[in-house]
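*Asks:* For reference, the chains in residue letters:
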Amino acid sequence: MAILIDESTKVLVQGITGAFGARHAKLSLEYGTQIVAGVTPQKGGQLFENAVPIFDTVGDAVKETGATASAIFVPPAFAADAILEAVDAGVDLVVCITEGIPVMDMMRVKSMMTGSKTRLVGPNCPGLVTPGTGKDSHGGCRIGIAPGYIHKRGNVGVVSRSGTLTYEAVWQLTRLGYGQSTCVGIGGDPINGTSHLDVLRMFNEDPETEAIIMIGEIGGTAEVEAARWAREHCKKPIAGFIAGATAPPGRRMGHAGAIVGGEEDTAQAKKAILAECGIAVAETPGIMAKTLLERWGK
Amino acid sequence: MNIHEYQAKELFDRFSVPSPKGKVAATTKEAFDAAKWLDVKNLVVKAQVHAGGRGKGTFKNGFKGGVHLVDSPESVRDIAGKMLGETLVTKQTGETGRLVRKVMIAESVTIKKELYLAILMDRATGCPVIIASTEGGMDIEEVAERTPEKILREVIHPLAGLQAYQVRKLCHQLGLTTTARQYGRMLHALYKLFIECDCSMVEINPVVITTDDHVYALDAKFNFDDNALYRHPEIAAMRDLEEEDPREVAAAQHELNYIGLDGNIACLVNGAGLAMATMDIIKHHGGEPANFLDVGGGASKDQVSAAFKIILGDPNVRGIFINIFGGIMDCNIVAEGVVAAARETGLSLPLVVRLEGNNVAAGKATLAASGLNIESADGMDDGAARIVAAVS
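These protein sequence lines map, in sequence, to chains U and W. Residue numbering for the first sequence follows my numbering, beginning at 1 and increasing consecutively. Residue numbering for the second sequence follows my numbering, beginning at 1 and increasing consecutively.
Rather than coming from a laboratory, the hints here were simulated on the basis of the structure. Any given hint might turn out to be false.
In silico DSSO-like links for lysine-lysine, alpha-carbon gap of 30 Å or less [as the list claims (entries may be wrong)]:
1. W:283 x U:290
2. W:309 x W:364
3. W:64 x W:112
4. W:23 x W:56
5. W:301 x U:26
6. U:135 x W:309
7. W:36 x U:110
8. U:135 x U:110
9. U:110 x W:29
10. W:283 x W:21
11. U:26 x U:63
12. U:43 x U:135
13. W:112 x W:60
14. U:26 x W:91
15. U:110 x W:283
16. W:91 x W:112
17. U:63 x U:135
18. U:290 x U:236
19. U:290 x W:23
20. W:36 x W:82
Model, not experiment: these values are computed from the prediction.
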């Protein structure tokens, strides 16, 4: 089962001929993911790695290959347009990896996507992984830039804004012998397509997911909204971590979205609300998996 | 990115947001000429630095106040002479203060009423939102706390833009009558500026209504979306590197993300989330982080070396903690970069390295074989505990 993607998901890559897109498309192919098409305007008709057909438009790629998910690796100035092209082509899932998209562009994209059937994950995110059952989780679906081998197929859902913190949590779980259903990096930008809450809802409905790790950071109220929803509706054990307890107010900490606003908007305040909502809060990022296992009774 | 008050005025003029007539000056002669050109009785001289609290600040030469009201070009020249080339200390600058390179000379208006106006990008709705209040000229967060009913919020549809009824509604709620039309024009102009310049926030505190019923933007604070500066070269050119932390400027040149803090344990990490979490874990184990430093997902040997030099440029640093989760990045390449940088800089401070991920065994072997005094940590908590112990 898993959420959003599984081993049968057909994926196209927008920006497959750029260095960044090419590198990660190749890693996904090696992981066993069904990368069925690439899209680069004016390079239609070529083959990527002598195997994957490249199309001029997302519409053509979808029509010819039946791809239902798109990974976007195009440069920031063109990324908003690339998202809208994928939405127009009717894919179910768009995962935008690109970092540095102007906020105004994302504001317009989000507004234009209202009522659309397409789900956007990102931008500025590491993407998604539903691990496979082979060695080092080979055979799974990897969309984005996460290292595949750290995963293991299993029953923990992971959702996070940060790439490297997701990898930390996943690696801790895998080393303790616990696999993951799906890992979702929702990205560090202030305006993004999918929220912590959206992902928690999906994990809650997914029979394969038995427990959840939710990783957040300073800035905004997304983690708080997810926690308040979880208190009422989530049947599964959750562990959480919030990064940025030592961040000075008003400074942007790398992620465009990671900035302490008002007094309510601190890591300490978020942690307190998570705990009130029944989420086991990890004291340090080094013990995220351990904190979950304790809550889960493992 | 922040800009100076005189630059904000340039933007206001370009977008027809009314503000009092004024000019910037870098010398006492320019200040005198500007005052002559203004040709008014009531003048104000304002020191141009990126920090609030100028009016109540003190110069290191003993001169009090970064904002002065005067009544003649001669006094403008006199006051400008006491500010230019001097260092102004305000509650926001810290003890070191800021060197004043320019002053703004403007017409001083007689104020009847002060209002508050801001437009910012609201992440919860993903829309621009206008914040307006009758309580101008004071700390808006305090107003929000004491009298939340006095804070008006109007969410703007991103695709439709600011509507006429929204302007009428705000004017009505603010109790504006004779000045409603002027205020409305200002709001439309400011919204256009906000959108077209890719601002993340524009705050005018105060908007003033003068005794002769004119509406002016008096003091403004701008934040621009750094991601969008590539399409606004004229705004990017307003950046004043002299006002920024030189270490942050140097880091940006190497595509590193650095923010200086007050502690004594420097950290070097890949990924923004992990970099924040590393600062937190140092604090959790009783230490104080000296910086935030994200070397990005694919840090090169050169970047690691540049990062090393930047963190060693902070005289408070007593130890370094490197925390790398090399998912796809090869840990051995990171290790080689660390060893090279440590040798090159003749590092004598305690250095703890926590490596995890791709090719980690080779990376740890490289560190061990270097002959340098590098402690290899087993996990993040272990690493943080070790570096805290080493510096205390």
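*Asks:* None of the hints should be skipped; say for each whether it holds.
*Replies:* Consistency of the hints with the structure:
no., hint, in the structure
1, W:283 x U:290, "20 Å, holds"
2, W:309 x W:364, "22 Å, holds"
3, W:64 x W:112, "26 Å, holds"
4, W:23 x W:56, "22 Å, holds"
5, W:301 x U:26, "24 Å, holds"
6, U:135 x W:309, "41 Å, violated"
7, W:36 x U:110, "51 Å, violated"
8, U:135 x U:110, "39 Å, violated"
9, U:110 x W:29, "52 Å, violated"
10, W:283 x W:21, "50 Å, violated"
11, U:26 x U:63, "23 Å, holds"
12, U:43 x U:135, "35 Å, violated"
13, W:112 x W:60, "34 Å, violated"
14, U:26 x W:91, "54 Å, violated"
15, U:110 x W:283, "37 Å, violated"
16, W:91 x W:112, "28 Å, holds"
17, U:63 x U:135, "33 Å, violated"
18, U:290 x U:236, "16 Å, holds"
19, U:290 x W:23, "62 Å, violated"
20, W:36 x W:82, "19 Å, holds"
Hint compliance for this structure: hints 6, 7, 8, 9, 10, 12, 13, 14, 15, 17 and 19 are broken, all remaining hints hold.
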